[in-house]
Amino acid sequence: MWNTLHKYRSNLILCIRISCFLGFLATSLVISWSSLTAFVALLVSLYALKDDENKRDAIPKFNRNPLKGKPQISVGDLPRKVIDLMEHKVTELVTYDAEDVDSLANFETLKMNTECIFAKKARLWGSPKWNYDLSIEHNIYQSVPTFLKFTCVCEPLGLDGFVYELPGDYGKDVQTFGQAVHRVLTTISDHDPSGVHCMKQSFIAKRGWVFQFNKITFFVTTFAPCYPDNHSRYAFDSDHAYILLQPEISFAQHDLPSDTPVTNWDNPKTVRDRIRVAFRDAGREYKIRDTIYFPTVLEIVKPIESNGPDVKWWISDKKND
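In terms of the numbering used here, the sequence shown is residues 1371 to 1691.
Calculated directly from the structure, the hints in this document are not laboratory data. There's no promise every hint is true.
Mimicking DSS-like on lysine-lysine, the simulated pairs with C-alpha atoms at most 27 Å apart in a straight line are [claimed, not checked]:
#, residue 1, residue 2
1, K1481, K1639
2, K1481, K1576
3, K1481, K1542
Since the model is a prediction, treat every value here as computed from it, not as a measurement.
Using the sequences and the hints, build the whole thing.
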């Protein structure tokens, strides 16, 4: 619209200038009031009717195409307090109260009864209520913003883990549970802002691999209804299955000693010794490998039998995806 009006205005000015110039030529042979008037009109057409591009640029931006040109102000130009307020409001829109959810309330029984001496005082965040009309992938996707926030604040807030709760049907047997764990961790990994996408790494079944998201590494533990009461992954008769992601920095904050295949069963001295003895005394002794150099992926989903074959849960069963 502006370009059309500007074109008409420029043509009008040109016509006036030409008319004034012709009038000046026609009357300039004899100096008279008419020739002087024509000369003045010519000067006016040259200076007063100037086609000023600066005036065009002075038109407010909202009268021009909003898709062209740069914005008048960027977020970085705003005061820090305003930016913080904007971030807070956005967070409120895309997340939920991760410390007040059913998943944590349901996980409380397991948390208070497990033999891990850190569990009872652990500060956790949890996943939102499960939507049975959606797939695993869509349910987990909805919690990714909150999990991302967790990775940003877990260290300064002293958070110990993030709990994902799944319907019990996904934990009815170890094979079904393993595939559910694969889908959950893959969905999280696919949205890793750091771009690592650890679930797609080629060395996932080898030493050195670890689950990570947003440059935070995690120790992953799982619990499901399929595990009996003499198993370390026993869910204490819960109707749900759980995936607990513990940031490894949490272990450092609790001064947990380095892993070792050696255990002082008769005279436990370290925190790790006491945890292993507690599980044994409760009838839930778990397998301790004779070396610390093994693929950590093998510890995420345990077989039902302590000496049973490793569950290759990281290999996707496309038929069930």
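* Asked: Given the hint that K1481 pairs with K1542, does the C-alpha gap stay at or below 27 Å?
  -> Holds. K1481 to K1542 sits at ~21 Å (cutoff 27 Å).
* Given the hint that K1481 pairs with K1639, does the C-alpha gap stay at or below 27 Å? -> holds (24 Å)
* Asked: Can the restraint linking K1481 and K1576 be considered satisfied, given a maximum Cα separation of 27 Å?
  -> violated (30 Å)
In summary, the structure is inconsistent with hint 2 from the numbered list given earlier, while agreeing with all the others.
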